[in-house]
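Asker: What follows is the residue order along each chain.
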Amino acid sequence: MENLTYEEAMKRLEKIVELLEEGSKPLEETLKMFEEGTKLVNFCNKSLNEAEQKIIQLSSLETEGSKDETVSS
Amino acid sequence: MKAPSVLSVSQLNFYVKSLIEGDSNLKNLIISGEISNFTNHYRTGHFYFTLKDEKAAVRAVMFSSANQKLRFKPENGLKVIVRCRVSIYERDGNYQLYVDDMQPDGLGALNLAFEQLKKKLEAQGLFASEKKKAIPQYPNRIALVTSPTGAAVKDVLSVLERRFPLVQVLLCPVQVQGDNAAPQMIETLELLNKKAYADTIIIGRGGGSIEDLWAFNDEGLARAIAGSKIPVISAVGHETDFTIADFAADLRAPTPSAAAELAVPDRLEQTAYLVSLKTRLIKAGQKGLEARREKLKILELSPGFQSPVMALNVHRQNLDKFSTALSVLVNDSLNAKKNTLALAAGKLDSLSPLKVLTRGYSLVFKEGRPLTDAKELSKGDFLDLKFNRGGARCEVKEISE
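First to last, the protein sequences are chains A and B. In our numbering, each number is its position in the first sequence, counted from 1, plus 63. In our numbering, each number is its position in the second sequence, counted from 1, plus 38.
Please note that a few of the clues may not be correct.
[Said to hold, decoys possible] A short, non-exhaustive set of chain A residues, derived as facing chain B with CB atoms under 10 Å:
| id | residue |
| --- | --- |
| 1 | E65 |
| 2 | T68 |
| 3 | L76 |
| 4 | E85 |
| 5 | G86 |
| 6 | L90 |
| 7 | G100 |
| 8 | L111 |
| 9 | E113 |
| 10 | K117 |
| 11 | I118 |
| 12 | I119 |
| 13 | T126 |
[Claimed, not checked] Dumping the calculated DMTMM-like pairs for lysine to aspartate or glutamate here, alpha-carbon to alpha-carbon at most 25 Å:
| id | chain 1 | residue 1 | chain 2 | residue 2 |
| --- | --- | --- | --- | --- |
| 14 | A | K117 | B | E307 |
| 15 | B | K192 | A | E125 |
| 16 | B | K170 | A | E91 |
| 17 | B | K233 | A | E71 |
| 18 | B | K232 | A | E71 |
| 19 | A | K78 | B | E228 |
| 20 | B | K171 | A | E84 |
| 21 | A | K117 | B | E228 |
| 22 | B | K321 | A | E125 |
| 23 | B | K267 | A | E84 |
| 24 | B | K325 | A | E127 |
| 25 | A | K109 | B | E328 |
| 26 | B | K233 | A | E91 |
| 27 | B | K171 | A | E71 |
| 28 | B | K233 | A | E127 |
| 29 | B | K321 | A | E115 |
| 30 | B | K321 | A | E127 |
| 31 | B | K321 | A | E84 |
No lab work stands behind these hints, which were simulated from the structure alone. Ideal placement from N, C-alpha and C gives every residue a C-beta, glycine not left out.
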């Protein structure tokens, strides 16, 4: 979960709430989704409350030349 | 009186030319007129045209060294004011205007250039609404393409920090006015796209005169913005300033601060939204429990299904986990719901054997009541079977005791 972006977490959480509201999944899956949903709520809350603005310079990305720095769109 | 001597045509033209060029009144003229017969010489880049009014016309030439400085494109029908001198083109014997500078008559040159470029790019479909890309709802990294020293940087950073500090800001310093501005911005946009360095781009600067904002009316920049795979929000000047970049962008913000507002969700709204998602999660969880409790009630009535105890533990564990998860959430934010939920979870804990149906056991009902003894049957009776998924109606053919 730590590796999730806020966007990924929100999209997954919205999906889980939708599926749970449909109520068509078997119990075991429902439990798993519920658990995951709870974690996602906490994760998103924490991200919102604890985030500190991170500022990067284009030149520093360019000198690193690292592929890890790319953002999937 | 002296008899006229015979002159060649060349001599005549040379003489008249020297007369005209010797007249200081014809050296620095300002003439207004309408352009017609305009040609832009394909090789030399010199402009040849006729300047006319209702009654008269005069030929004119504007050499490429002079016309390169023009920001707008002269065209037929355009009313202009030119600064020029008069001379003769000796080869043809035509007198003509040699134009040093030209201004549109009425509209300013920059305004005209703006309108001309806007019209051109619009016709090429560069601003088409179906080409606009959606701005990500929750961006991960925003590239800010602007002057490192301008007010725009501070404005954008402070709004982003207040609204959505999660988002990373990639500072891309460029000049935003002067001859280098447009090429630098184009280069930056291309680099951002090539390396996929961001998922949203804000490009812009604070307010200024039309001259100050001129780099944002560059054709190449407009194409780079329109061609960007990463969605671009333009933020140039104040509310009323429109630039070509604004039309080419996926979203136009009236100011840099407004661009930041448009680029990210608001933290407080997000928190409220999360609370609502959490509430829905709990409600859906409760509803799931209720529904299963109803199902289990039926099973509970059946004495035949109190026996296969083996499956109970797994199921009970799951229910425990479920009720724990629920209570954590409830404790967390919705204390009012705690009692109902604990009650529901407690009841469920004592139930269970739905799981056995998944292991191949089935429930048998006769006239809606669970059946445990073959003695209650007669040949031709109808029985209802319930499986893990679905059921069936059967007829009794044979009875064994």
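Asker: Give a verdict on every hint.
Answerer: Taking the hints in turn, this is what the structure says about them:
1. Nearest Cβ of chain B to the Cβ of E65/A: about 14 Å, over the 10 Å cut. The hint is violated.
2. Checking T68/A against chain B: minimum C-beta separation of about 5 Å stays under 10 Å; hint holds.
3. Taking 10 Å as the C-beta contact cut-off toward chain B, the hint placing L76/A at the interface holds, the least distance being around 6 Å.
4. A hinted interface residue such as E85/A counts as satisfied when its beta carbon comes closer than 10 Å to some beta carbon of chain B; here the least separation is about 9 Å, so the hint holds.
5. Of the supplied interface hints, the one on G86/A holds, with its beta-carbon coming within about 6 Å of a beta-carbon of chain B, less than 10 Å.
6. Look at L90/A: its Cβ gets to within about 6 Å of chain B, closer than 10 Å, so that hint holds up.
7. Nearest Cβ of chain B to the Cβ of G100/A: about 5 Å, under the 10 Å cut. The hint holds.
8. Restraint check, L111/A versus chain B: the minimum CB separation of about 5 Å is within 10 Å; hint holds.
9. Because the beta carbon of E113/A sits about 9 Å from the nearest beta carbon in chain B, less than 10 Å, this interface hint is met.
10. The beta carbon of K117/A comes within 5 Å of a beta carbon in chain B, closer than 10 Å, and the hint placing it at the interface holds.
11. Annotation: I118/A was flagged as interfacial toward chain B, and the flag holds, the nearest CB pair being 5 Å apart, inside 10 Å.
12. At its closest, the beta carbon of I119/A sits 5 Å from a beta carbon of chain B; the interface hint therefore holds under the 10 Å criterion.
13. Because the smallest distance between the Cβ of T126/A and any Cβ of chain B comes to about 13 Å, over 10 Å, the interface hint for this residue is violated.
14. Simply put, K117/A and E307/B have alpha-carbon atoms about 21 Å apart, close enough for the 25 Å limit, and the pair holds.
15. A threshold of 25 Å between alpha carbons decides the hint, and for K192/B with E125/A the separation of about 23 Å falls inside it, so the pair holds.
16. Note on K170/B and E91/A: the hinted pairing is violated, with a Cα-Cα distance of about 43 Å set against a maximum of 25 Å.
17. Taken as a hint, the K233/B and E71/A pair is honoured in the structure, with Cα atoms around 21 Å apart against an allowance of 25 Å.
18. For the proposed pair K232/B and E71/A, the alpha carbon gap of about 23 Å is at most 25 Å, so the pair holds.
19. Distance hint between K78/A and E228/B is unfulfilled; the C-alpha atoms sit about 35 Å from each other, more than 25 Å.
20. Restraint check for K171/B and E84/A: the C-alpha separation of about 32 Å exceeds 25 Å, so the hint is violated.
21. Annotation: proposed proximity of K117/A to E228/B holds, straight-line Cα distance about 23 Å (limit 25 Å).
22. Restraint check for K321/B and E125/A: the C-alpha separation of about 49 Å exceeds 25 Å, so the hint is violated.
23. Straight-line distance between C-alpha atoms of K267/B and E84/A comes to about 36 Å, which puts the hinted pair past the 25 Å bound.
24. Simply put, K325/B and E127/A have alpha-carbon atoms about 52 Å apart, too far for the 25 Å limit, and the pair is violated.
25. Annotation: proposed proximity of K109/A to E328/B is violated, straight-line Cα distance about 31 Å (limit 25 Å).
26. Among the hinted pairs, K233/B with E91/A is inconsistent with the structure: their alpha-carbon atoms are about 43 Å apart, more than 25 Å.
27. With a CA separation close to 19 Å, the supplied pair K171/B and E71/A stays within the 25 Å bound.
28. Using a Cα cut-off of 25 Å, the hinted pair K233/B and E127/A holds, with the two alpha carbons roughly 12 Å apart.
29. The hinted pair formed by K321/B and E115/A fails the criterion: a straight-line CA distance of about 33 Å is larger than 25 Å.
30. The straight-line distance between the Cα atoms of K321/B and E127/A is roughly 48 Å, outside the 25 Å bound, and the hint therefore fails.
31. With a CA separation close to 8 Å, the supplied pair K321/B and E84/A stays within the 25 Å bound.
Checked against the numbered hints listed earlier, the structure breaks hints 1, 13, 16, 19, 20, 22, 23, 24, 25, 26, 29 and 30; every other hint is satisfied.
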